[in-house]
Amino acid sequence: MSKERREAVLLPHQKEKDHLLDLYRKMLLIRRFEERAAEAYTQGKIGGFLHLAIGEEPANVGTMVALRHDDDVFTHYRSHGHALARGMDPRAVMAELFGKETGVARGRGGSMHLASLEHHFWGGYAIVGGHIPLAVGMALAHQYRGLDRVVLCIFGDGAVNTGAFHEALNMAGVWRLPIVFVVSNNLYGMGTAIERSSAVTEVYKRAAAYNMPGRRVNGNEVLEVEAAVRAALEQARSGGGPSLVELVTYRFRGHSMADPELYRSKEEVEQWKAQDPIPRFRRWLQEEGHATETELEAVDREVEATVEDAVRFADASPEPDPSTLFDNVYVNP
Amino acid sequence: MTVAVITYREAVRQALREEMLRDERVFLLGEDIGRYGGSYAVTKGLLEEFGEKRVKDTPISETAIIGAAAGAAMDGLRPVAEIMTINFTLVAIDQIINNVAKVHYMFGGQFRCPLVIRTVGGGRRLAATHSQNLEVLFAHIPGLKVVAPATPYDAKGLLKASIRDDDPVIFIEHSLLYGTRGEVPEEDYVVPIGVSDIKRRGRDVTIVAYSRMTVEALAAADELAKQGIEAEVVDLRTLRPLDMGPVLDSVARTNRAVVVSEDWRSFGIGAEVAARIQEEAFDDLDAPVLRVSQQEVPTPYAANLERLAFPSSRQIVEACLEVLNIRVGEPVMAG
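Chains A and B are the protein sequences, given in the same order. Under the numbering used here, the residue at position 265 of the first sequence is numbered 265, and the numbers go up by one with no gaps. So the number in the numbering used here is just where the residue sits in the second sequence, counting from 1, plus 1000.
One or more of the hints may lead you astray.
Unchecked claim - Partner residues are not named here, just some residues of chain B that face chain A (Cβ under 10 Å, in silico):
id, residue
1, Ala1092
2, Asp1094
3, His1140
4, Asp1165
Claimed, not checked - Some chain A residues flagged as far from chain B (calculated, every beta-carbon gap over 12 Å):
id, residue
5, His69
6, Gly124
7, Val200
8, Arg312
Stated by the list, open to error - Computed footprint of chain B on chain A; a stretch qualifies when at least three of its residues, placed anywhere within it, have a C-beta under 8 Å from a C-beta of chain B:
id, region
9, 113–120
10, 222–230
11, 295–303
Hint data in this document are derived by calculation from the structure and do not stem from the laboratory. We treat Cβ as the ideally placed atom computed from N, Cα and C, and that holds for glycine.
All chains should be modelled from the sequences, with the hints used to inform the complete structure.
Right, dumping it as structure tokens:
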């Protein structure tokens, strides 16, 4: 975006150096974490499905930093970036991917079921669209109790065609619940391009069907994402009701580690990679004088050390004790 | 202790009302539970007493009803969601099986889902999609508790227990039991989840049943008594966790068992109970365990066909005579 336009949309705190460096650090942490997780997957240390956020870091980070500490988050299965940006410990997240007792869900959930009560991070869900009604329910609870906490519910472009999306947004709209729906539109639902699956491809327009505002944002501009999500949260917080924010973004890798990507051209992927938002943001920070090369390199090194430490921790952690197989099937068995 | 004779419907309503008075976190949501007064009139008067915040009329959106109730439960409220009939739980089956049942386990114990889903089984002249008994779908799922009371006393006590339980409970009422009457204490009381109950003592044959079939089993026992056969009726009350204790004690004394359920025979509730009896009381049995259940057809509308389809005390009597080797001639097609 142009310099003038960027200045126009920024909130005051977004111009502060600490904040900008934090955004950079969070995006880089996600990138390096995901790269190492991919490696670990090929080494057999992570099993099942692994859905990487590489390329979607600005959408992840801008969304999560807009939240108040006690706002609540529900997200889908491509959620490592959301978890890390929310401040969950990279060690515990990596350990969860490795299926260890020290993982955020004690190894019981894996990549698709990250969660942290302390961080108001309510999961991590693998059924497309299945978590959206849960998020609406938590917003109902806030309304019931008269609290000013807001619920943020993140899902992808594929989820907007589910019945659960429809029912949940209608319920939020008719009851005017304090919830923000964030659609991470990376243009593909697994291997199906949005034009082939969706009667209306501009997802934000669907919000009108539920009597709530919808807006579309460039998901690769972290500051725009933050400003838009923050505005939506404040509207909900002050009793202005629910809204939908569509973030247009792109994942550089396949749907999951098993995806041979037969459904999109290499040229298209390369075009998006050429616009990689993290190096672009890094350059912008330097050009605008927000950070020096030395400061940025320090962040780069710190992030790499953090990720390596997370892998070491996960490697060294024990698997769950077999005697705990039946833990937590019931609260009172 | 004071006791009143009330209907099953009234017993459920009293439980809801008393728990809402007792705990401000308890609230109700469902289709037409408020201004309409409930499609089976169970929630009549509750909107007027508690207001729209605590008695919420919902859109026709079972997925959202259950999902929202689960999300509110995760946040620490204690919702009681009504799904108008158990047939409609199928719309929300993903929410029930993949969210409600699993959030406590799969996130390492961090979250709870103290939700009660009230729903209604059976029907009369309502045809195939409005007459089902689908409890087996939920009894199969680790993480859920499933309760199906047969009497007003059990209904009130078990609903209170369900609302107070920190685990998710599927509470299954029966459309043809709402008008039945029974003694219910006026003071607060709870019937524990996971405890079967011997409703009638007898030495000759054990009949295991639940919900409406308990009533049919008791009627069958009265018929058998005229022939000098004393049947013991064990009412399961809870389907998951299944309390086999009283069942096995009974079989140890009678040596013969008939399991009755209103669902279909194949892979139904009776299959589990029969399997458990033969696993755990094999040496006590003098005959195979027979099952009485619904004929393997979608429920027909025509009155005569429906009567053939649903199990009744007549089939229970015949199955008991069969296991007692009393019947001579054609073996009974018991369900």
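Here is how each hint holds up against the structure:
Taken as an interface hint, Ala1092 of chain B checks out: its beta carbon lies about 9 Å from the nearest beta carbon of chain A, inside 10 Å. Given hint, Asp1094 of chain B at the interface with chain A, holds; its Cβ is 6 Å from that chain's nearest Cβ, closer than 10 Å. For His1140 of chain B, the interface hint is violated, since its Cβ never comes within 10 Å of a Cβ in chain A; the closest pair sits about 14 Å apart. Contact between Asp1165 of chain B and chain A, as hinted, is supported at the beta carbon level, the nearest pair being about 7 Å apart and thus within 10 Å.
The non-interface label for His69 of chain A is consistent with chain B: the shortest C-beta to C-beta separation is roughly 16 Å, beyond 12 Å. Some Cβ of chain B comes within 12 Å of the Cβ of Gly124 of chain A; the nearest lies about 7 Å off, and the non-interface call is violated. For Val200 of chain A, the condition that its CB be more than 12 Å from all CB atoms of chain B holds, with the nearest at approximately 21 Å. Residue placement check: Arg312 of chain A keeps its beta carbon more than 12 Å from all beta carbons of chain B (closest about 22 Å).
Figure legend: the region 113–120 of chain A, annotated as covered by chain B; annotation consistent (4 residues with Cβ-Cβ distances under 8 Å, at least 3 required). Only residues whose C-beta sits within less than 8 Å of a C-beta in chain B count toward coverage, and the region 222–230 of chain A has 0 of them, not enough to reach three; the restraint is violated. Coverage of a stretch by a chain is defined here by at least three residues with a beta carbon nearer than 8 Å to that chain's beta carbons; for the region 295–303 of chain A and chain B the count is 0, and the condition is violated.
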